[in-house]
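Asks: Each chain, written out:
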Amino acid sequence: DVKVTQSSRYLVKRTGEKVFLECVQDMDHENMFWYRQDPGLGLRLIYFSYDVKMKEKGDIPEGYSVSREKKERFSLILESASTNQTSMYLCASSLDLPGNYGYTFGSGTRLTVV
Amino acid sequence: QKEVEQNSGPLSVPEGAIASLNCTYSDRVSQSFFWYRQYSGKSPELIMSIYSNGDKEDGRFTAQLNKASQYVSLLIRDSQPSDSATYLCAPSGGNEKLTFGTGTRLTIIP
Chain A
106 DVKVTQSSRY LVKRTGEKVF LECVQDMDHE NMFWYRQDPG LGLRLIYFSY
156 DVKMKEKGDI PEGYSVSREK KERFSLILES ASTNQTSMYL CASSLDLPGN
206 YGYTFGSGTR LTVV
Chain B
574 QKEVEQNSGP LSVPEGAIAS LNCTYSDRVS QSFFWYRQYS GKSPELIMSI
624 YSNGDKEDGR FTAQLNKASQ YVSLLIRDSQ PSDSATYLCA PSGGNEKLTF
674 GTGTRLTIIP
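For the record, the sequence lines run as chains A and B.
In terms of our numbering, the first sequence has 193 at position 88, counting the first letter as 1, and numbering is strictly consecutive.
In terms of our numbering, the second sequence has 648 at position 75, counting the first letter as 1, and numbering is strictly consecutive.
In short, the hints are calculated from the structure, not lab data.
Quick caveat: nothing in here was measured; it's all calculated off a predicted structure.
There could be a bad hint or two in this list.
Said to hold, decoys possible - Simulated restraints, written as ranges between beta carbons of each label pair:
hint, chain 1, residue 1, chain 2, residue 2, range
1, B, D600, A, D156, 23 to 29 Å
2, A, S187, B, P587, 42 to 48 Å
3, A, D156, B, N626, 44 to 50 Å
In this text, a Cβ means the ideal position worked out from N, Cα and C, and glycines have one as well.
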């Protein structure tokens, strides 16, 4: 089974801190995605990457950046955390185009910014 | 109009009955459709995919697709308490990324 591992299950950070959320997949998937999930708003795409060193903005990239230095690792960076970034963050990967096989999600990181 | 619309629920269904979950989408170029199950506090888990008009069955689950009506549904037969979860509909649009509905919360009543 494909495993998508997010390094932290719960995180509490202070306003203004730089926050790193790590995601690693172990099945050589080309494509990786970062979503946030909020009640009533569903899953919203922040950034995605179809290849190493490549990144594309999703629907809500403001306040975030990403890094993909190796194929298996996709990091989400909150440059200066704010309380409105308190959310559940979900990393996902797909073997091929998402329309072929869908995504596999990591277990999620619940981030609280105080 | 939202890209993917689902009734947020909660939808309450007696144990053993059929649960019917519905989803409409706006992107006419969508070709692939996925249903995810998400338990409270957990991440989404892929349970069904459908690519062609008609029905696709997998165990107690049946996905139905009507591209002309831009409508996809999920039926769960012989509903069990373990089916209580939020179900997310996710078409794959022309940009090949998945777009998620906000989900339908299903509760199976013993």
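Asks: All hints are to be evaluated individually against the structure, with a verdict given for each.
Replies: Results of checking the hints against the structure:
1. D600/B <-> D156/A: 23 to 29 Å: Holds - the Cβ-Cβ distance for D600/B and D156/A, about 25 Å, lies within 23 to 29 Å.
2. S187/A <-> P587/B: 42 to 48 Å: Holds: the Cβ-Cβ distance is about 45 Å, inside 42 to 48 Å.
3. D156/A <-> N626/B: 44 to 50 Å: At roughly 33 Å between Cβ atoms, N626/B and D156/A fall outside 44 to 50 Å, so the hint is violated.
Going through the hint list in order, the structure does not satisfy hint 3, though it satisfies all others.
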